[in-house]
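Q: Based on the hints, put chain B in the right spot on chain A.
2 protein chains.
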Amino acid sequence: MAANARIRPIESVTHFDIATDVLICGYGGAGAAAALEAAAAGAKVCIIERASAGGGATALSSCEMYLGGSGGTALQKDLGIHDSTENLLAYLHEALGPYGDSEKIRCYAEGAAAHFDWVESLGVSYKRAVMHERTVVPLSDESLLFTGNEKSYPFNTIAEPVPRGHVPSKEGDEGGKIFMDAIMQRVDEAGVDVVNDCRALALLADNTGRICGVIAKHNNREIAIRAVRGVVLTTGGFVMNEAMTRQYLPEIHQYAVPYGNSYDMGDGIQLGLAAGGQAINMDQAFMSFPLYPPAKLTYGLLLNQRGQRYINEDAYLAQLAHYSCQQPEQKFYLLVQEEDYEASHYLERAPLIASGNSIAELASEAPFPPGALEDTVDYFNRHASEGRDPLFHKTSEWLKPLNKPPYALLEYSASEMRAIIMPGTNGPLIFTLGGLKTRCNGEVLDADNHAIPGLFAAGRATAGLPRTAKGYASGMSVGDATFFGRLAGRQAALSQ
Amino acid sequence: MAANARIRPIESVTHFDIATDVLICGYGGAGAAAALEAAAAGAKVCIIERASAGGGATALSSCEMYLGGSGGTALQKDLGIHDSTENLLAYLHEALGPYGDSEKIRCYAEGAAAHFDWVESLGVSYKRAVMHERTVVPLSDESLLFTGNEKSYPFNTIAEPVPRGHVPSKEGDEGGKIFMDAIMQRVDEAGVDVVNDCRALALLADNTGRICGVIAKHNNREIAIRAVRGVVLTTGGFVMNEAMTRQYLPEIHQYAVPYGNSYDMGDGIQLGLAAGGQAINMDQAFMSFPLYPPAKLTYGLLLNQRGQRYINEDAYLAQLAHYSCQQPEQKFYLLVQEEDYEASHYLERAPLIASGNSIAELASEAPFPPGALEDTVDYFNRHASEGRDPLFHKTSEWLKPLNKPPYALLEYSASEMRAIIMPGTNGPLIFTLGGLKTRCNGEVLDADNHAIPGLFAAGRATAGLPRTAKGYASGMSVGDATFFGRLAGRQAALSQ
Chain A
11 MAANARIRPI ESVTHFDIAT DVLICGYGGA GAAAALEAAA AGAKVCIIER
61 ASAGGGATAL SSCEMYLGGS GGTALQKDLG IHDSTENLLA YLHEALGPYG
111 DSEKIRCYAE GAAAHFDWVE SLGVSYKRAV MHERTVVPLS DESLLFTGNE
161 KSYPFNTIAE PVPRGHVPSK EGDEGGKIFM DAIMQRVDEA GVDVVNDCRA
211 LALLADNTGR ICGVIAKHNN REIAIRAVRG VVLTTGGFVM NEAMTRQYLP
261 EIHQYAVPYG NSYDMGDGIQ LGLAAGGQAI NMDQAFMSFP LYPPAKLTYG
311 LLLNQRGQRY INEDAYLAQL AHYSCQQPEQ KFYLLVQEED YEASHYLERA
361 PLIASGNSIA ELASEAPFPP GALEDTVDYF NRHASEGRDP LFHKTSEWLK
411 PLNKPPYALL EYSASEMRAI IMPGTNGPLI FTLGGLKTRC NGEVLDADNH
461 AIPGLFAAGR ATAGLPRTAK GYASGMSVGD ATFFGRLAGR QAALSQ
Chain B
11 MAANARIRPI ESVTHFDIAT DVLICGYGGA GAAAALEAAA AGAKVCIIER
61 ASAGGGATAL SSCEMYLGGS GGTALQKDLG IHDSTENLLA YLHEALGPYG
111 DSEKIRCYAE GAAAHFDWVE SLGVSYKRAV MHERTVVPLS DESLLFTGNE
161 KSYPFNTIAE PVPRGHVPSK EGDEGGKIFM DAIMQRVDEA GVDVVNDCRA
211 LALLADNTGR ICGVIAKHNN REIAIRAVRG VVLTTGGFVM NEAMTRQYLP
261 EIHQYAVPYG NSYDMGDGIQ LGLAAGGQAI NMDQAFMSFP LYPPAKLTYG
311 LLLNQRGQRY INEDAYLAQL AHYSCQQPEQ KFYLLVQEED YEASHYLERA
361 PLIASGNSIA ELASEAPFPP GALEDTVDYF NRHASEGRDP LFHKTSEWLK
411 PLNKPPYALL EYSASEMRAI IMPGTNGPLI FTLGGLKTRC NGEVLDADNH
461 AIPGLFAAGR ATAGLPRTAK GYASGMSVGD ATFFGRLAGR QAALSQ
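Chains as they are written, first to last, in this note's numbering: chain A, 11 to 506; chain B, 11 to 506.
In isolation and in its complexed conformation, chain A is listed as follows (with noise of 0.2 Å):
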């Protein structure tokens, strides 16, 4: 019964313009498998979406789906990599921690091999051969990758490391592009109906509560829409809307810079709260600083304004970005030998801000307090040449002492990253973990923890299976969005 702009009784209504079983706000990633299941499961299905075509983020991304587990995927048995079940979810817990959802955790970690199976099925092509490279992407046509902190402390002494980042195969960063048009087709093809230009407005309730159409914008008119069991909100996470992006993500809204699709503005979270619904995790998003490749800057130390250590330097780059943020004021430098220096490849500026043949000449140009370089080089060093880093605990592939002049400072500051952003490249790229409160099965949850009748939710719009930067692992929002749109889809289309 409560009163706002976005939930409208539905006796309000006295023509709709399209009536449907299930209807799907947003055809991205979630969304198209919302309607492939729902499809499946015998429901008409309408997908609106308010872009002029589909794709949503999915396809700006490389599609790399974090997979594995029951085994292996196909992709890993056929490879000769072995993948239990356990190993995935002592990986996942660890990764998570208490931000974790141990239900979806425990359902995706079940279900993500077949999940594979699926993908492949809608003729998606995988390469069977493995990137072994410290990279983010594969730019050849390999299809398997580490893609978390599966290699480094402390996640190697509680999880067997294998790659589970999946990518579809071709030279090149198209894997969205290659997943979106596959899925699409297969949409098409199952009859679903889809409006583009087309943006839910408002939800409809009938007087029993239940969620049974949408209001929605489409050529600049009102249209009105009946969705007999239920509307199934894919509309991705908020990171395009400054106004929550300053209201959910105070501090990392400063210096963060926004990556997704220009409509990943929140309107299906907006819905779901209106609904009564609740948004949680609303102050985590993924974080990128993508200090490689090239992979051999890992050899470098990452120090903080004081002049400290913070962190084992060949952590994945979500975890990266977690924690130089953390650093006072955002700055942080990276320390390097000539014989280790390459450009990144994806931060394409990194301010040279002082260099020596020593560290003392080096440190007399730094921005660090008097001494503080020269004492953590010389702890560093004194460890290294034995081959332990009793501080954080790189792993030997990446320790070595730095003892070959010249030496060079670069600054990566989040304040520099934003100011020489190239669009899709540089960071502190973010986008948002949060989300509405859904079930495993895409039920969105009132305060109680009850579900809201007719409505469901997936991808981004929802808090899912990735939660922080600090556990994330390339892959986890794709292979989220995509699994449990399915279930979502499914749901919806046996609902009544």
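The reader is advised that the hints may include incorrect statements.
Straight line, CA to CA, 27 Å or less: simulated DSSO-like cross-link-like pairs of lysine-lysine [stated by the list, open to error]:
{"no.": "1", "chain 1": "B", "residue 1": "K410", "chain 2": "B", "residue 2": "K341"}
{"no.": "2", "chain 1": "B", "residue 1": "K341", "chain 2": "B", "residue 2": "K306"}
{"no.": "3", "chain 1": "A", "residue 1": "K180", "chain 2": "A", "residue 2": "K137"}
{"no.": "4", "chain 1": "B", "residue 1": "K341", "chain 2": "B", "residue 2": "K414"}
{"no.": "5", "chain 1": "A", "residue 1": "K161", "chain 2": "B", "residue 2": "K341"}
{"no.": "6", "chain 1": "B", "residue 1": "K306", "chain 2": "B", "residue 2": "K410"}
{"no.": "7", "chain 1": "A", "residue 1": "K306", "chain 2": "A", "residue 2": "K161"}
{"no.": "8", "chain 1": "A", "residue 1": "K341", "chain 2": "B", "residue 2": "K161"}
{"no.": "9", "chain 1": "B", "residue 1": "K341", "chain 2": "A", "residue 2": "K341"}
For the record, the hints were derived by calculation from the structure and aren't laboratory data.
A: Using the frame of chain A, we list chain B on its own:
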């Protein structure tokens, strides 16, 4: 039109047990202040309270109020202390940073001095004397003290330090009881109807969506209350609701100790969400690490498990807690020399885990990486002997080299603190700083930032003035709750 158990149509009610103009849910500081103002504006007022008596978290507190500006409160002025609104604003903006609500900050800063006059007019006494020691609450009877980070870096570079903690005068820590006794007497005199043992279960809405009453549970039966002008939610925060702290504060939930009234269960937040309101700042909490008194422990060095310092030790107890609990595994230690040691007043047990006649000897028993502590102390001493702390800018008042053995290392890790907790004393105690999004006048806002007609809130059921532990000052919460409680009560009385 959202259907859920917490929103019901008023047409479904056939008999009202109580009829009033303004209904206030929750009889703590915010609710009492709202009731007085609503009654003063001519409204018939009823308060329902879930406990068997009024008081709320305010009665359990010291009733410090963080007040100043306008040249000074009557108490500040009588003590010769000038405090401009600009100075107060500068401090609050630095303290709250991007979390702050600019409108609430301005409204509060401009009205805080007059708010003090109002508190005195209730019959609460303040002794014209300043407590100069670094302490939490004056157990002697002085009424004014420093209760935030005013004197420490970087605040001391941004605003002139003035004491702003106003505490009712009495030996011992009974300020909350004194204040609530006084205001409840005034509420009684104003003819306000108070119903104890009465919990709001659901809001009643008319067919325009306006909130116009409540279904409550009183003496184990449901009663209906009609509130013609509006409902004010002053039910407190959610720190006692384990499901909510787990959901909204997943990391802090793991190690913190809830501090508040047993009915700080988030009732009002849940009701507001059900009505389509927004809950914001839900990931933030006040936290306490009362390292002092005795103040002289401030001479020691706080260290994380890497043997690194991480803060200026002269910071306020909430900032100490915030940065301490950001350290790896929430482990932190104090290194102190014998002449500065005295048992902590609040942390009743602080395990001594290492000692020695030299730093090296102590380090051999300590849990730090080899050599790390020696480096840290050497660096600190080198600069402290020159009167500087280039890493953290500890003020000269608390800065001296650690060179008089023997030395001791005490563990204060969050888990240790929790294990040794004494109710009401030890830390890290927390209470929540997130809640309904409201305007200064108490109107509860929906996802589009439109006021929900007939619904108001104040106190810790809302996101108010205080928003982070990092910038918290004792007195911000009671100050906020009573100040904005008054505005919400007045607005509700004038609403129709």
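Q: Now tell me if each hint is right for this structure.
A: Here is what the structure says about each hint:
Annotation: proposed proximity of K410/B to K341/B holds, straight-line Cα distance about 24 Å (limit 27 Å). Under the criterion of a C-alpha separation no larger than 27 Å, the hint pairing K341/B with K306/B is consistent with the structure, at around 22 Å. Distance check on the hinted pair: K180/A and K137/A sit about 8 Å apart at the alpha-carbon level, within 27 Å; holds. As the CA atoms of K341/B and K414/B are separated by approximately 26 Å, the hinted pair is consistent with the 27 Å bound.
At most 27 Å may separate the alpha-carbon atoms for a hinted pair to count; K161/A and K341/B meet this at roughly 25 Å. Restraint check for K306/B and K410/B: the C-alpha separation of about 11 Å stays at or below 27 Å, so the hint holds. Distance hint between K306/A and K161/A is fulfilled; the C-alpha atoms sit about 16 Å from each other, no more than 27 Å. A distance of roughly 25 Å separates the Cα atoms of K341/A and K161/B; the hinted pair therefore holds under the 27 Å criterion.
At most 27 Å may separate the alpha-carbon atoms for a hinted pair to count; K341/B and K341/A meet this at roughly 24 Å.
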